[in-house]
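Q: From just these sequences and the hints, can you work out the full model?
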Amino acid sequence: MAGKHYSTTSNARERAPSLKFILFAFSLITLSLLFFLFFSSSSASTSAATSSLTHFQNPNPNLHIEFSFVSSLDKFLASEASRSPSRDDTFDPEINDLDQAVRKLDDVIWKNENERLLIDFTFPEISVLRVYVYEMPSKFTYDLLRLFRDTYKETSNLTSNGSPVHRLIEQHSIDYWLWADLIALESERLLKNVVRVHRQEEADLFYIPFFTTISFFLLEKQQCKALYRVWGFYDLVRCFDNGLLLDALKWVTDQPAWKRSEGRDHILPVHHPWSFKTVRKFMKKAIWLLPDMDSTGNWYKTGQVFLEKDLILPYVPNVDLCDASCLLESRSQRKTLLFFRGRLKRNAGGKIRAKLVTELGGAKEVIIEEGTAGEGGKEAAQRGMRRSLFCLTPAGDTPSSARLFDAIVSGCIPVVVSDELELPFEGILDYRKMVLFVSTSDAVQPGWLLNFLRGVTPAQIKELQLNLAKYSRHFLYSHPAQPLGPEDLTWRMIAGKLVNIKLHSRRSQRVVKESRSVCTCECRRPNSASPAPLT
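According to numbering that gives the first Met the number 0, the sequence shown is numbered sequentially starting from 0.
Rather than coming from a laboratory, the hints here were simulated on the basis of the structure.
These numbers come from a predicted model, not from an experiment.
Among the clues, some could well be false.
As the list claims (entries may be wrong) - List time: in silico DSBU-like cross-link candidates among lysine-lysine, alpha-carbon distance up to 30 Å: (1) K469 x K191; (2) K249 x K283; (3) K377 x K334; (4) K284 x K300; (5) K496 x K283; (6) K258 x K283; (7) K496 x K191.
A: And the structure:
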């Protein structure tokens, strides 16, 4: 056939390069898209965890959020005049009939609760906790805070291990943070799940604003040490059993509200294990705010503390928060596998420290060193935690340690070696998502702990670090108190105990002398009024 002819072979050869180019371009675009999606989602999750969850959103930008105890206290005392109490709750049994006052208060509370039962279908569950804050004489409150402020720069006042007592007071200053928030003007408060009421009959709970840690370290301990040097041991014992503690005990237990419930609906901060020790037995039915629940009997006697009644609160961290930018910057700098800085020898359960030093000392990628007091010690601990993947958190004189919370806010994964440890807010928080728990028997086995830590995968480490970023806000006390901060979670946990508190308060009011003093599931002898068995 005449004319131009195109072969099918040459035609296919001409189309082949263009088809290959299209397939190559499509593959490149697909890979680029997948690469972008992967890293953008990873970046987004990291950013969300480290930025939005570690930086507080202040709904009132005119309010300055203060995280330093010393700075907050200075401002608090400077504005004391604006909060001058309108009343004094001191009850004088010699002037007023205490039994009559108790009956009157109980009747009004019963009427109020009955009205709430009829109109609120959720009662006794509550959405807003109502707390009555006692107006105690200044010697129990403002005077103690001023004493701390005025002696803060003194360095001669040390504990037996060389630690400044003022730093110990800061670590246990939960009583200040809770009280300062409760008595602040409502317009300055950010927490809405707890309110202060000014009539006792309207209260769900009663807060006792006595600063037990300051009282112990700056009054009792110092005065009694001086007395001991002059007179000896027996006068030392008498010293601790007298003075401000007994005044505070009498003041509280003379209150009609205390008599009504025997203190079951009263909140008492006892966050240092040495504080309030000689008079605790008279207030053991109150709700104690504690650092832990030492089971050795060294600090708390049998029957004084238990989870159903009391609440564990975190220590105030001794290091600065490693915020979003810090977490990102420090990720590549965390070259140390395991870090510990602190006292290497402790008593009771803390003897595990010496065993761990023997096991881990000199190991590669491990830093174990004796701690030092003061700003230098703080900076060294902070620097070490921010350069480490894991932070060792063994028991001390008590099962708990402020080091756990220092590690959390530093982005260093805590490795807890403390078999009897109880944790703050565990009804709300799942610590398994950010903390590794190791039994003491495993930790001291040759090579076991380091092999365990080296077996944690990079993906697991990343997840734990992201959760540390999410959780850190729960351990930062502030004024005003922040939603989801430790003050907020404290009230959420206490609100969950309220029905049981009311149950035991009412039960205690009607039991007779042959009744069980404590309601348990244990088998007891039958009531003496029970009929004899048939024969």
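Q: If a hint holds in the structure, say so; if it does not, say that too.
A: Hints, one by one, checked against the model:
Under the criterion of a C-alpha separation no larger than 30 Å, the hint pairing K469 with K191 is consistent with the structure, at around 22 Å. In summary, the hint linking K249 to K283 is supported, as the alpha carbons are separated by about 14 Å, within the 30 Å threshold. About 20 Å separates the Cα atoms of K377 and K334, which keeps this hinted pair within 30 Å; it holds. For the hint pairing K284 with K300, the CA-to-CA distance comes to about 13 Å; that is within 30 Å, so the pair holds.
Between K496 and K283 the CA atoms are separated by roughly 16 Å; this keeps the pair inside 30 Å, and the hint holds. Between the alpha carbons of K258 and K283 the distance comes to roughly 14 Å, so the proposed pair stays at or under 30 Å and holds. Taking the CA atoms of K496 and K191, the gap is about 18 Å. The hint holds against a cut of 30 Å.
Hint compliance for this structure: no hint is broken.
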